[in-house]
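Enquirer: The residues making up each chain are set out below.
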Amino acid sequence: MRQVREHKEDLLQRLPRLQLVLFGLFLLIAARFWFVQVVSGDYYLELAENNRVRELPLKAPRGLIYGRQGRLLAENVPSYNLKLDPSRSQDLEKALSFAEHCLNQPATELRQALDEGGGAGSFRPILIAEALSLSEVAAIEAAALEFPEFAIEVGHLRLYRNGPITAHTLGYLGEVNERELASEVNLLKPGDLIGRKGVELAFDDRLRGVDGQRAVIVDSRGRFKEEYGRDPAQSGQSLNLGLDLELQQEAARYLEGKAGAAVALDPATGEIRAMVSAPSYNPNIFSRRLDRDAWRNLIEAPEDPLQNRVIQNTYSPGSVFKIVMAAAGLSEGVTDPKQTVWCGGSTRIYNRRWRCWKQAGHGHISLHRAIKESCDVYFYHLGQELGIERIAKYSRQLGLGRPTGIDLLGEREGLVPDPEWSARRRGTPWYPGETISVAIGQGPILVTPLQIASLMAAVANSGYQVRPQVVESPSVEKEQLTVEPWVFERIGAALWSVVNDQRGTGSAARVPGIDVAGKTGTVQVVQQKTWIKSEDLPYEQRDHGWFASYATAGDKQLVVVVLVEHGGHGSTSAAPLAKRLYEIYFRDYLDDGQSS
Amino acid sequence: MRSTSGTISTTASLPDERPFLRQLATVRWALLISALLISLIGLVTVHSASSELSIDYLPRQAVWLGLGLLVFVVAFTLDYQFLTKFSLPIYTVAMLLLLLVLLVGKEAGGARSWLGVGAYRLQPSEFAKIATALLLARYLAGINRRFLSFGQIMAASSMVALPMVLVALESDLGGAAMFVPMLAGMLVVAGVPWRYFAVGAAVALVLAAVGWNLVMLDYQKDRVRTFISPGSDPQGSGYQLRQSKIAVGSGQLYGRGYQQGTQSQLRFLPARHTDFIFAVLAEEWGFIGVAAVLLLYAFYILNGTKVALRARDRVGILLIVGLLSGFAFHVLYNTAMVVGLVPITGIPLPFLSYGGSFTLANFIAAGLILGVDFRRHVNR
Numbered sequence: 000m001r002q003v004r005e006h007k008e009d010l011l012q013r014l015p016r017l018q019l020v021l022f023g024l025f026l027l028i029a030a031r032f033w034f035v036q037v038v039s040g041d042y043y044l045e046l047a048e049n050n051r052v053r054e055l056p057l058k059a060p061r062g063l064i065y066g067r068q069g070r071l072l073a074e075n076v077p078s079y080n081l082k083l084d085p086s087r088s089q090d091l092e093k094a095l096s097f098a099e100h101c102l103n104q105p106a107t108e109l110r111q112a113l114d115e116g117g118g119a120g121s122f123r124p125i126l127i128a129e130a131l132s133l134s135e136v137a138a139i140e141a142a143a144l145e146f147p148e149f150a151i152e153v154g155h156l157r158l159y160r161n162g163p164i165t166a167h168t169l170g171y172l173g174e175v176n177e178r179e180l181a182s183e184v185n186l187l188k189p190g191d192l193i194g195r196k197g198v199e200l201a202f203d204d205r206l207r208g209v210d211g212q213r214a215v216i217v218d219s220r221g222r223f224k225e226e227y228g229r230d231p232a233q234s235g236q237s238l239n240l241g242l243d244l245e246l247q248q249e250a251a252r253y254l255e256g257k258a259g260a261a262v263a264l265d266p267a268t269g270e271i272r273a274m275v276s277a278p279s280y281n282p283n284i285f286s287r288r289l290d291r292d293a294w295r296n297l298i299e300a301p302e303d304p305l306q307n308r309v310i311q312n313t314y315s316p317g318s319v320f321k322i323v324m325a326a327a328g329l330s331e332g333v334t335d336p337k338q339t340v341w342c343g344g345s346t347r348i349y350n351r352r353w354r355c356w357k358q359a360g361h362g363h364i365s366l367h368r369a370i371k372e373s374c375d376v377y378f379y380h381l382g383q384e385l386g387i388e389r390i391a392k393y394s395r396q397l398g399l400g401r402p403t404g405i406d407l408l409g410e411r412e413g414l415v416p417d418p419e420w421s422a423r424r425r426g427t428p429w430y431p432g433e434t435i436s437v438a439i440g441q442g443p444i445l446v447t448p449l450q451i452a453s454l455m456a457a458v459a460n461s462g463y464q465v466r467p468q469v470v471e472s473p474s475v476e477k478e479q480l481t482v483e484p485w486v487f488e489r490i491g492a493a494l495w496s497v498v499n500d501q502r503g504t505g506s507a508a509r510v511p512g513i514d515v516a517g518k519t520g521t522v523q524v525v526q527q528k529t530w531i532k533s534e535d536l537p538y539e540q541r542d543h544g545w546f547a548s549y550a551t552a553g554d555k556q557l558v559v560v561v562l563v564e565h566g567g568h569g570s571t572s573a574a575p576l577a578k579r580l581y582e583i584y585f586r587d588y589l590d591d592g593q594s595s
Numbered sequence: 000m001r002s003t004s005g006t007i008s009t010t011a012s013l014p015d016e017r018p019f020l021r022q023l024a025t026v027r028w029a030l031l032i033s034a035l036l037i038s039l040i041g042l043v044t045v046h047s048a049s050s051e052l053s054i055d056y057l058p059r060q061a062v063w064l065g066l067g068l069l070v071f072v073v074a075f076t077l078d079y080q081f082l083t084k085f086s087l088p089i090y091t092v093a094m095l096l097l098l099l100v101l102l103v104g105k106e107a108g109g110a111r112s113w114l115g116v117g118a119y120r121l122q123p124s125e126f127a128k129i130a131t132a133l134l135l136a137r138y139l140a141g142i143n144r145r146f147l148s149f150g151q152i153m154a155a156s157s158m159v160a161l162p163m164v165l166v167a168l169e170s171d172l173g174g175a176a177m178f179v180p181m182l183a184g185m186l187v188v189a190g191v192p193w194r195y196f197a198v199g200a201a202v203a204l205v206l207a208a209v210g211w212n213l214v215m216l217d218y219q220k221d222r223v224r225t226f227i228s229p230g231s232d233p234q235g236s237g238y239q240l241r242q243s244k245i246a247v248g249s250g251q252l253y254g255r256g257y258q259q260g261t262q263s264q265l266r267f268l269p270a271r272h273t274d275f276i277f278a279v280l281a282e283e284w285g286f287i288g289v290a291a292v293l294l295l296y297a298f299y300i301l302n303g304t305k306v307a308l309r310a311r312d313r314v315g316i317l318l319i320v321g322l323l324s325g326f327a328f329h330v331l332y333n334t335a336m337v338v339g340l341v342p343i344t345g346i347p348l349p350f351l352s353y354g355g356s357f358t359l360a361n362f363i364a365a366g367l368i369l370g371v372d373f374r375r376h377v378n379r
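Chains as they are written, first to last, in numbering that gives the first Met the number 0: chain A, 0 to 595; chain B, 0 to 379.
Please keep in mind that the hints were generated in silico from the structure rather than gathered at the bench. Just so you know, these numbers come straight off a predicted model, no measurement behind them. Backbone N, C-alpha and C define an ideal beta-carbon position, used for all residues, glycine too. Accuracy of the hints is not assured; some may be wrong.
Said to hold, decoys possible - On the chain B side, residues computed to face chain A include the following (Cβ under 10 Å): (1) 54; (2) 144; (3) 203; (4) 254; (5) 337; (6) 339; (7) 342.
Claimed, not checked - Pairs of lysine-lysine, DSS-like flavour, derived with a Cα cap of 30 Å: (8) A:82 x A:188; (9) A:555 x A:477; (10) A:7 x B:84; (11) B:305 x B:84; (12) A:257 x A:337; (13) A:7 x B:305.
Using the sequences and the hints, build the whole thing.
Expert: Written out as structure tokens, the structure is:
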């Protein structure tokens with residue numbers, strides 16, 4: 000059946016010869032293994048038993064974090080850790096009870112650490128206790144001959160000098176998890192610490208160095224004899240933040256015991272000068288092996304201390320939103336600054352009565368006074384005339400409803416509502432009455448405190464916004480807005496009056512010698528049918544207080560935004576902190592000679 | 000002589016399926032079985048070798064093994080006559096891929112030989128070897144003479160020289176060298192007069208001298224130097240060589256037990272899950288384990304040769320010879336390296352070492368070999 004047209008015979012003759020050669024080589028290799036393993040096996044086994052070169056990791060120190068004026072905010076402190084090598088232990092029980100005695104720590108905890116690290120069968124030293132005191136180190140070292148299985152290792156412990164005060168900005172570290180270990184790009188090893196929140200997370204690549212390695216010769220008891228080779232660790236890059244520690248401390252002190260957020264930034268560069276979220280937590284507890292109870296307490300706390308309220312919580316802007324309304328009204332030509340509106344304490348729009356916060360009414364009122372005295376009726380009418388589409392357009396234009404682009408992770412974008420959103424997300428049409436609520440910053444509109452700070456920077460800069468940045472960088476990212484400078488100048492003048500004129504709602508932020516301009520805001524948490532004082536309500540129903548502001552003295556400028564949850568009116572709950580921060584920041588310009 | 004194209008049409012052309020199944024049953028499955036046995040031993044050893052690494056490579060290698068079976072089926076299904084007929088375009092694509100690696104490749108272990116595809120990395124040089132074997136088989140099969148002429152040998156050599164140069168430019172000298180045994184095996188079987196071997200040896204020596212001075216990088220020279228005098232660099236290549244030998248030797252006759260090898264578990268061994276996996280195996284399973292695995296490899300080669308001996312045409316025989324020669328040399332070189340007989344280069348062990356592209360390439364080769372066997376009676 001086969002048709003043989005080709006010459007295969009030659010090939011078929013040569014092939015077995017080739018196979019024979021290959022099998023001959025296989026035999027040679029097998030013979031070599033026989034020689035090495037069986038004939039000289041004892042020799043190599045002894046070499047293996049006495050293999051005394053150990054490779055020890057050299058941990059790269061993490062980059063330091065500095066605030067303004069070189070104030071150290073995060074550093075590494077030496078920490079003595081106890082390691083146990085089960086393979087060198089004669090009697091593991093005796094060793095553990097010795098450690099229990101020395102460290103005054105229950106043996107169950109040590110045993111748990113041992114089991115988590117690989118158990119009694121491990122070939123490698125296992126970390127069983129961290130942050131030993133010097134006397135504990137001395138006690139262990141004194142018994143080194145009796146217990147060769149113990150080794151003291153000097154490691155680094157991350158220390159945040161100001162603990163809770165800088166917690167949300169700096170973040171904290173955590174041990175890598177399985178998933179992160181599996182991704183090859185990170186080059187992580189088990190037990191490595193990486194950034195989990197804040198600057199530590201966002202700049203982890205720069206802060207983390209490259210670990211090195213050290214080859215050492217040890218004696219038969221595992222003790223160090225001499226160094227054999229070294230691949231030095233490269234420490235991580237240090238970072239400089241624009242954070243002003245004094246402002247940060249003052250804001251943290253003010254918000255202690257409250258829930259809220261405060262942010263201060265330089266409108267020219269976007270550098271964050273202060274960023275405080277309350278309540279806070281102590282980031283130093285994350286630097287060592289975590290206490291499970293402490294972790295659960297943080298996770299389960301109802302006021303959510305881990306949340307950075309400056310960028311991760313959204314709130315109704317309240318009357319602060321009137322700045323956006325004014326910008327929209329002036330730009331669109333809907334508002335004539337000279338025209339007045341009648342405020343009789345309330346007004347009727349769409350067959351509903353809309354109340355002004357001032358029951359007695361403001362009488363005939365212009366835009367300037369309406370901002371200064373925060374008249375609601377004026378803005379109800381402005382909202383009706385503008386309509387929700389134009390309000391939404393200017394809100395987005397001024398940075399609401401989108402991330403500010405700050406160099407931290409996890410920023411929320413808030414919400415600028417419009418009919419399209421309503422149909423898509425709620426499945427209901429937009430009601431005209433909602434436009435009236437939005438006009439005074441109530442209703443579905445939501446912002447982060449940082450977005451409000453960015454808005455204030457636009458007013459302070461008369462027309463451009465900057466990208467907020469925690470870590471100093473040589474470049475400043477500016478965004479020129481289409482709203483024209485004269486609009487911002489007019490609004491700025493009104494905001495100045497809010498703080499500095501008679502009857503302005505922000506007089507609590509007045510600082511003699513400094514031009515402070517700002518806007519108060521009060522957000523109803525529960526809608527009230529009549530005029531009720533917030534202080535008379537239970538805590539969780541009380542209003543949130545806003546104060547959004549900026550100040551100028553000489554060539555220095557600062558934006559300060561404060562939000563106090565359930566703090567009542569912004570003029571009393573939030574504005575005083577802004578005043579204190581300006582007093583500190585503009586110390587050299589003050590009138591009353593505090594410094595000069 | 001024309002062949003049917005592929006098994007599908009073969010079955011379709013037959014009135015009932017019994018001859019097809021009967022034909023399938025007579026294929027030398029022992030070859031695949033030995034490959035699978037080695038792969039399973041590989042999985043177990045990779046797990047032990049990675050116990051002190053940051054991740055366990057076992058699940059990944061299991062995935063590669065699964066993919067390997069898939070490409071085996073594909074390679075088995077494709078008609079080798081069809082493939083050799085289109086070997087020039089296949090070869091061209093492979094060369095373009097090698098060029099691409101040179102331009103945009105990723106570096107790992109001192110060599111720039113990887114192509115990143117998302118999270119996965121592929122090493123085109125592994126597939127280039129198969130493409131080159133296809134082209135060589137076609138060329139040599141067309142020469143219906145007892146002995147090749149000098150010009151024909153040169154032509155065949157130049158087909159191999161191109162991918163070799165490209166791979167060598169990636170600084171992967173070990174990978175480049177692996178083309179030589181493939182060529183040599185095919186030439187020997189195709190018929191080379193003895194006098195040319197003497198000339199070939201002389202040329203190889205000259206090339207080695209030139210390569211040493213012009214092509215080789217420092218780390219590669221170091222490896223050769225320390226092979227010649229191992230004491231000179233206890234932390235570098237000499238260190239690896241020594242540690243590997245200690246691992247192998249300490250295994251003795253019966254081994255130190257699974258996951259009980261101090262050399263492997265204490266991280267003395269470099270590249271434990273890839274190039275030095277045989278040292279881990281030797282330490283933990285002793286000479287018994289070494290002999291068993293070597294026998295499995297020999298069994299694979301024996302079966303491959305049997306397939307070649309009953310193949311129906313020259314192309315089939317030569318293709319198998321090329322694939323088997325490369326395979327055998329990988330095994331021989333790697334095991335010899337682990338036991339300190341030859342200098343260290345990055346040459347992994349087929350079916351046993353961790354590695355994606357390499358595992359796939361070996362399963363493709365197995366599929367091609369058995370595909371030749373399956374089609375040994377097809378005739379028209």
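Enquirer: Looking back at the hints listed earlier, which ones does the structure fail to meet?
Expert: Failing hints, ascending: 3, 7 and 12.
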